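Asks: Sequence:
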Amino acid sequence: MLPTANIVEKFDDNNRMIEGYDLQKNTYSDQKFAKDIISKLPVEKDGVTALIDGAYFSEEINNRAKAKGIKMVPTNLTGGGKNNNCDKFEIDEKEHLVKKCPSGHKPITSKFKEESYRAHFDKNNCSSCSFRKDCPVIKQKKSYLFKVSEKTLHRSQLITKMGTPEYHELASKRAGIEGIPSVLRRRYKIDHLPVRGLIRGKVYLGFKISAINCKRLIKGLTNRPKEGLPALLFNYLLSLFSFQRTYRFNFAA
1 MLPTANIVEK
11 FDDNNRMIEG
21 YDLQKNTYSD
31 QKFAKDIISK
41 LPVEKDGVTA
51 LIDGAYFSEE
61 INNRAKAKGI
71 KMVPTNLTGG
81 GKNNNCDKFE
91 IDEKEHLVKK
101 CPSGHKPITS
111 KFKEESYRAH
121 FDKNNCSSCS
131 FRKDCPVIKQ
141 KKSYLFKVSE
151 KTLHRSQLIT
161 KMGTPEYHEL
171 ASKRAGIEGI
181 PSVLRRRYKI
191 DHLPVRGLIR
201 GKVYLGFKIS
211 AINCKRLIKG
221 LTNRPKEGLP
231 ALLFNYLLSL
241 FSFQRTYRFN
251 FAA
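Quick note: the sequence shown uses my numbering, first residue 1, plus one each step.
These aren't lab readings, by the way, just hints derived from the structure by calculation. Among these hints, one or two may not hold up.
With a cut-off of at most 25 angstroms between alpha-carbon atoms, the simulated DSS-like pairs for lysine-lysine come out as follows [said to hold, decoys possible]: (1) Lys100 with Lys141; (2) Lys88 with Lys147; (3) Lys35 with Lys161; (4) Lys68 with Lys106; (5) Lys151 with Lys100; (6) Lys142 with Lys161; (7) Lys106 with Lys142; (8) Lys100 with Lys142; (9) Lys123 with Lys99; (10) Lys215 with Lys189; (11) Lys139 with Lys161; (12) Lys113 with Lys173; (13) Lys66 with Lys10; (14) Lys68 with Lys88; (15) Lys208 with Lys40; (16) Lys66 with Lys113; (17) Lys161 with Lys151; (18) Lys35 with Lys141; (19) Lys100 with Lys123; (20) Lys82 with Lys40; (21) Lys161 with Lys173; (22) Lys99 with Lys88; (23) Lys139 with Lys10; (24) Lys141 with Lys82; (25) Lys40 with Lys66; (26) Lys142 with Lys99; (27) Lys123 with Lys133; (28) Lys68 with Lys139; (29) Lys25 with Lys189; (30) Lys111 with Lys142; (31) Lys10 with Lys189; (32) Lys68 with Lys151; (33) Lys113 with Lys141; (34) Lys100 with Lys68; (35) Lys106 with Lys94; (36) Lys147 with Lys111; (37) Lys123 with Lys142; (38) Lys141 with Lys161; (39) Lys82 with Lys161; (40) Lys25 with Lys202.
Bear in mind the structure is a predicted one, so any value in this text is a computation, not a measurement.
The whole structure should be built from the sequences, with the hints applied where relevant.
Replies: This is how it looks when you write it as structure tokens:
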């Protein structure tokens with residue numbers, strides 16, 4: 001069975017460095033990798049952005065990341081990205097109340113039960129609403145029912161955000177990590193490791209990752225203004241990186 005590797009790269013506009021990696025059996029899921037990464041990362045008081053593939057993302061993982069000051073930015077979502085427009089409703093998530101519909105009408109009743117919002121709207125308002133064909137409300141005998149789980153609401157909010165130019169610009173930065181698997185295969189022959197076993201393979205993968213980081217360090221130093229080598233090396237290693245991105249791929253070992 002082919003093992004699966006996960007790479008974590010930290011970067012800003014001028015620097016990038018692989019700061020984490022893991023090697024597991026092929027049955028190890030992307031979301032398990034994501035949970036492992038978050039558990040190892042320190043609490044970010046000033047906040048940090050993690051650019052990830054959609055397979056690494058879930059509501060639970062996002063909440064774990066938020067608790068550590070990490071903002072998760074998935075570049076796509078598993079299961080499709082269809083929006084049911086429930087995020088168009090004005091909802092107070094602190095009070096767990098539906099305040100208004102997209103057309104500005106207040107609900108007759110609003111409740112939050114079993115992690116879901118339920119709100120009834122006046123039948124006359126909904127029947128003649130121009131937004132009706134795109135509205136997720138369900139027609140009932142005496143009213144129209146709006147019902148959405150907290151999880152679905154957050155997914156809908158995320159899908160809307162993913163459609164903005166700002167989000168596209170940020171998410172596009174994750175593409176920079178996709179060259180690492182190619183480099184590992186072409187230059188470092190990662191598909192043909194001279195060892196067997198997960199532990200030995202992980203050690204050899206670490207050597208390959210170290211080689212990539214050393215080349216990046218040397219390249220960064222040669223591109224810096226000339227100054228004392230100790231100070232230059234020290235300052236370079238202390239460079240702060242503002243984003244993180246993760247990538248998973250398979251290879252033969």
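Asks: Next step is simple, just say for each hint if it's right about the structure.
Replies: Quick rundown of the hints versus the structure:
1. With a C-alpha separation of about 21 angstroms, the suggested pair Lys100 and Lys141 falls inside the 25 angstroms cut-off, and the hint holds.
2. Proposed proximity of Lys88 and Lys147 is supported: the alpha carbons are some 13 angstroms apart, at most 25 angstroms.
3. This hinted pair checks out: Lys35 and Lys161 have alpha carbons roughly 23 angstroms apart, not beyond 25 angstroms.
4. Straight-line distance between C-alpha atoms of Lys68 and Lys106 comes to about 36 angstroms, which puts the hinted pair past the 25 angstroms bound.
5. The suggested pairing of Lys151 with Lys100 holds, with an alpha-carbon distance near 19 angstroms, which does not exceed 25 angstroms.
6. At most 25 angstroms may separate the alpha-carbon atoms for a hinted pair to count; Lys142 and Lys161 exceed this at roughly 34 angstroms.
7. Simply put, Lys106 and Lys142 have alpha-carbon atoms about 16 angstroms apart, close enough for the 25 angstroms limit, and the pair holds.
8. As the CA atoms of Lys100 and Lys142 are separated by approximately 19 angstroms, the hinted pair is consistent with the 25 angstroms bound.
9. Taken as a hint, the Lys123 and Lys99 pair is honoured in the structure, with Cα atoms around 17 angstroms apart against an allowance of 25 angstroms.
10. Simply put, Lys215 and Lys189 have alpha-carbon atoms about 17 angstroms apart, close enough for the 25 angstroms limit, and the pair holds.
11. As the CA atoms of Lys139 and Lys161 are separated by approximately 28 angstroms, the hinted pair breaks the 25 angstroms bound.
12. A distance of roughly 39 angstroms separates the Cα atoms of Lys113 and Lys173; the hinted pair therefore is violated under the 25 angstroms criterion.
13. For the suggested pair Lys66 and Lys10, the alpha carbons sit about 18 angstroms apart, so the restraint of at most 25 angstroms is met.
14. A C-alpha spacing of about 29 angstroms is found between Lys68 and Lys88, which places the hinted pair above 25 angstroms, so the restraint is violated.
15. Restraint check for Lys208 and Lys40: the C-alpha separation of about 21 angstroms stays at or below 25 angstroms, so the hint holds.
16. At most 25 angstroms may separate the alpha-carbon atoms for a hinted pair to count; Lys66 and Lys113 meet this at roughly 24 angstroms.
17. A threshold of 25 angstroms between alpha carbons decides the hint, and for Lys161 with Lys151 the separation of about 15 angstroms falls inside it, so the pair holds.
18. Restraint check: the Cα-Cα separation between Lys35 and Lys141 comes to about 45 angstroms, which exceeds 25 angstroms; the hinted pair is violated.
19. Pair hint Lys100 plus Lys123 holds up; C-alpha atoms about 15 angstroms apart against a cutoff of 25 angstroms.
20. Proposed proximity of Lys82 and Lys40 is contradicted: the alpha carbons are some 33 angstroms apart, above 25 angstroms.
21. For the proposed pair Lys161 and Lys173, the alpha carbon gap of about 16 angstroms is at most 25 angstroms, so the pair holds.
22. Between the alpha carbons of Lys99 and Lys88 the distance comes to roughly 11 angstroms, so the proposed pair stays at or under 25 angstroms and holds.
23. About 50 angstroms separates the Cα atoms of Lys139 and Lys10, which puts this hinted pair outside 25 angstroms; it is violated.
24. A distance of roughly 28 angstroms separates the Cα atoms of Lys141 and Lys82; the hinted pair therefore is violated under the 25 angstroms criterion.
25. Note on Lys40 and Lys66: the hinted pairing holds, with a Cα-Cα distance of about 14 angstroms set against a maximum of 25 angstroms.
26. Straight-line distance between C-alpha atoms of Lys142 and Lys99 comes to about 20 angstroms, which keeps the hinted pair within the 25 angstroms bound.
27. Straight-line distance between C-alpha atoms of Lys123 and Lys133 comes to about 15 angstroms, which keeps the hinted pair within the 25 angstroms bound.
28. A hinted pair counts as satisfied when its Cα atoms are at most 25 angstroms apart, and Lys68 with Lys139 does not qualify at roughly 42 angstroms.
29. For the proposed pair Lys25 and Lys189, the alpha carbon gap of about 19 angstroms is at most 25 angstroms, so the pair holds.
30. Restraint check: the Cα-Cα separation between Lys111 and Lys142 comes to about 17 angstroms, which is no more than 25 angstroms; the hinted pair holds.
31. A C-alpha spacing of about 24 angstroms is found between Lys10 and Lys189, which places the hinted pair at or below 25 angstroms, so the restraint holds.
32. Proposed proximity of Lys68 and Lys151 is supported: the alpha carbons are some 20 angstroms apart, at most 25 angstroms.
33. In summary, the hint linking Lys113 to Lys141 is supported, as the alpha carbons are separated by about 22 angstroms, within the 25 angstroms threshold.
34. Only pairs whose Cα atoms come within 25 angstroms are accepted, and Lys100 paired with Lys68 is rejected, the gap being roughly 32 angstroms.
35. At most 25 angstroms may separate the alpha-carbon atoms for a hinted pair to count; Lys106 and Lys94 meet this at roughly 18 angstroms.
36. Only pairs whose Cα atoms come within 25 angstroms are accepted, and Lys147 paired with Lys111 is accepted, the gap being roughly 10 angstroms.
37. Straight-line distance between C-alpha atoms of Lys123 and Lys142 comes to about 7 angstroms, which keeps the hinted pair within the 25 angstroms bound.
38. About 35 angstroms separates the Cα atoms of Lys141 and Lys161, which puts this hinted pair outside 25 angstroms; it is violated.
39. Taking the CA atoms of Lys82 and Lys161, the gap is near 13 angstroms; set against the 25 angstroms cutoff, the hint holds.
40. This hinted pair checks out: Lys25 and Lys202 have alpha carbons roughly 11 angstroms apart, not beyond 25 angstroms.
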